[in-house]
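Novice: Fit chain Y to the supplied structure of chain X, relying on the hints for placement.
Those protein sequences? They're chains X and Y, same order as listed.
In the working numbering, each residue's number is its place in the first sequence (first place is 1) plus 112.
In the working numbering, each residue's number is its place in the second sequence (first place is 1) plus 112.
Quick caveat, the hints were computed from the structure, so don't treat them as lab data.
Put simply, identical chains are the same to the list, so a pair is met inside one copy or across any two.
Derived lysine-lysine pairs resembling BS3-like cross-links, with alpha carbons at most 25 Å apart:
id : residue 1 : residue 2
1  : K272      : K353
2  : K189      : K420
3  : K262      : K295
4  : K129      : K454
There are 2 protein chains.
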Amino acid sequence: MPHDPAVYKARAERLHKLAEAEHLLILNEINIRYLTGFTGGDGALLVGPDWMALLVDGRYITQAGIETTNLEIREFKNRTDGISSVFQEKGARLVGFEPSAVSYGEYIRLRDSLPQASLQPLSSRFEFLRAVKDDQEVGEIREAIRVAEKALTDLMSLIKPGVTETELAIELEYRMRRGGAGKLSFDTIVATGPDAALPHATPGRRRVAAGDFVMIDYGAVVNGYHSDETRTFCVGSPSEKQREAYQLVLGAHDRAIGAIRAGVSCGEIDGIARSFLEEKGMGRYFSHGTGHGVGLEIHESPRLSAGKSDILEAGMVVTIEPGVYFPGEWGIRIEDMVLVGKDGCEVLTVPGAGLVEL
Amino acid sequence: MPHDPAVYKARAERLHKLAEAEHLLILNEINIRYLTGFTGGDGALLVGPDWMALLVDGRYITQAGIETTNLEIREFKNRTDGISSVFQEKGARLVGFEPSAVSYGEYIRLRDSLPQASLQPLSSRFEFLRAVKDDQEVGEIREAIRVAEKALTDLMSLIKPGVTETELAIELEYRMRRGGAGKLSFDTIVATGPDAALPHATPGRRRVAAGDFVMIDYGAVVNGYHSDETRTFCVGSPSEKQREAYQLVLGAHDRAIGAIRAGVSCGEIDGIARSFLEEKGMGRYFSHGTGHGVGLEIHESPRLSAGKSDILEAGMVVTIEPGVYFPGEWGIRIEDMVLVGKDGCEVLTVPGAGLVEL
Numbered sequence: 113m114p115h116d117p118a119v120y121k122a123r124a125e126r127l128h129k130l131a132e133a134e135h136l137l138i139l140n141e142i143n144i145r146y147l148t149g150f151t152g153g154d155g156a157l158l159v160g161p162d163w164m165a166l167l168v169d170g171r172y173i174t175q176a177g178i179e180t181t182n183l184e185i186r187e188f189k190n191r192t193d194g195i196s197s198v199f200q201e202k203g204a205r206l207v208g209f210e211p212s213a214v215s216y217g218e219y220i221r222l223r224d225s226l227p228q229a230s231l232q233p234l235s236s237r238f239e240f241l242r243a244v245k246d247d248q249e250v251g252e253i254r255e256a257i258r259v260a261e262k263a264l265t266d267l268m269s270l271i272k273p274g275v276t277e278t279e280l281a282i283e284l285e286y287r288m289r290r291g292g293a294g295k296l297s298f299d300t301i302v303a304t305g306p307d308a309a310l311p312h313a314t315p316g317r318r319r320v321a322a323g324d325f326v327m328i329d330y331g332a333v334v335n336g337y338h339s340d341e342t343r344t345f346c347v348g349s350p351s352e353k354q355r356e357a358y359q360l361v362l363g364a365h366d367r368a369i370g371a372i373r374a375g376v377s378c379g380e381i382d383g384i385a386r387s388f389l390e391e392k393g394m395g396r397y398f399s400h401g402t403g404h405g406v407g408l409e410i411h412e413s414p415r416l417s418a419g420k421s422d423i424l425e426a427g428m429v430v431t432i433e434p435g436v437y438f439p440g441e442w443g444i445r446i447e448d449m450v451l452v453g454k455d456g457c458e459v460l461t462v463p464g465a466g467l468v469e470l
Numbered sequence: 113m114p115h116d117p118a119v120y121k122a123r124a125e126r127l128h129k130l131a132e133a134e135h136l137l138i139l140n141e142i143n144i145r146y147l148t149g150f151t152g153g154d155g156a157l158l159v160g161p162d163w164m165a166l167l168v169d170g171r172y173i174t175q176a177g178i179e180t181t182n183l184e185i186r187e188f189k190n191r192t193d194g195i196s197s198v199f200q201e202k203g204a205r206l207v208g209f210e211p212s213a214v215s216y217g218e219y220i221r222l223r224d225s226l227p228q229a230s231l232q233p234l235s236s237r238f239e240f241l242r243a244v245k246d247d248q249e250v251g252e253i254r255e256a257i258r259v260a261e262k263a264l265t266d267l268m269s270l271i272k273p274g275v276t277e278t279e280l281a282i283e284l285e286y287r288m289r290r291g292g293a294g295k296l297s298f299d300t301i302v303a304t305g306p307d308a309a310l311p312h313a314t315p316g317r318r319r320v321a322a323g324d325f326v327m328i329d330y331g332a333v334v335n336g337y338h339s340d341e342t343r344t345f346c347v348g349s350p351s352e353k354q355r356e357a358y359q360l361v362l363g364a365h366d367r368a369i370g371a372i373r374a375g376v377s378c379g380e381i382d383g384i385a386r387s388f389l390e391e392k393g394m395g396r397y398f399s400h401g402t403g404h405g406v407g408l409e410i411h412e413s414p415r416l417s418a419g420k421s422d423i424l425e426a427g428m429v430v431t432i433e434p435g436v437y438f439p440g441e442w443g444i445r446i447e448d449m450v451l452v453g454k455d456g457c458e459v460l461t462v463p464g465a466g467l468v469e470l
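With the rest of the complex left out, here is chain X:
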């Protein structure tokens, strides 16, 4: 994360623009990181018209001092009590909070400990706080993609009959970590043969066999920013049915990417991929959304799913990942990351999603 006060100042301004209340309680750890640079856990960020206070427990006091500037750091023993005492001291009467980051149980505790203030859930547009990336963020995402793709390239020679899904996942993760990934974007999916018919399979002991589709969904995290990419390879020659299905998924993928630009709705992009597969009789095998935003979280706003009216803006980074899954047989998913621009988009992942035979 940048230690540049100007970046955080700009983010605080965006925060105040999106917020409907004079005082804010930020509990989503990723939002706290975005707004302050603090990378620890269990914190609370309290915001007023002209002040910010970061509340952390004893484990994180030293770390918070190192990572942040221009805000008060306070230690709490009990988070709810700590929040209550700061807002009381500052005379807050109306406090906006993130309805998806606060559990019902915590909401009740906060409500009871803040009798002098009313709590107001922030509207869903607050979830777009981090949706548009600045240049530095796009740079971190590019680096995460570079680290991940380099690792996959190194892995390619190991993908052959006899190797297990788990072995491939472990070796890919090791290469990403050694290449500079601070962590993995998520538990790597390596699904082969019939396992690839489970969109979110866990790698197992199955050994790669000739004729298998091998689906690898993987990503690296660099300075908090995630990459997310899926490739489906064929070990040996695909059957005619496999080849046709792959081309259809690729067609949906290319059509969706071709339609992305600022001003288009998320649902429209999903509809382009979905209706193409439906026309080809494959609609019922495409059992998930077309894509999602990626940044400090692996899944964040916007969501490119059926009916979503959110509008794409320049600077958003999203995945496009249509797939089809035939239970008991095999599955295909092709996923790339793109940067939304005014008149189109830039594919951030290395192009080349055509069918690769190993």
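Specialist: Okay, now just chain Y, sitting in the frame of chain X:
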């Protein structure tokens, strides 16, 4: 996870005993896994007096069918709508839910979509659903510990001046994964020298130097069950101050473990470790709780913190992990996992927390 219907039947009986409502909505993914065997995400488990329904989205339909028995599986497009329609169909009037697993936003959506039923937060004793482990669970935890400790043993020869924290973390993680860990319990902490003064440090580029304390907090996951252990080594000979502090932390650790048995409160165990360090003038450097339950989650009930009145029961598995942290200098934490018994406890991690000089 076991595919043994008797195990799930016993868990369902415990569920009904803990619940205060005839109908239950379980959204915590770990509880869903515990009660059904389903390891996918984004599901909802709906429970009635004599039925269970697992709601999953299209990505997980095939997987849910493979992993579960004796329950209805239903696909949802929108989770809230799916939940609403099942409870409506079943005529539910009072639905208990987990207040810490449901966000405020989701609570409001559920409340509005279930006009015929009232939602009732389950009390905090529900959080003890998974606290007492059965023999099979203890077996999985033992295996997770074995995998992790084998990896640390293999790593020992690499811990020497010049190696970076990140390199050690990556090599330890790789060894755990190759040794059988399905994933890591958490992002491995390797903190050396002054970095070890941050209880939850992120491994960085710092190189190990002679005289450093090297704190390694790490764990492996096997079949969903976590291990959690911390060792602090000294590279070369410790200073007198380092040696004394280590012995004091070890004293707190040993005294807490010596006091563990069914019937003792969690706060009492914390107090034993804490008061020992306070007597020795180290209380203010011990900035976190003494331990926590471990199982399908890395941190779960019970919590061994100041003032906690929860009573330890035979079959609970908890950590004991006192530590002291001197900002800018170094830190020490010693953490083991124990199985609570009627008259004492069994240390599950390999004993030998005495100071090791490398």
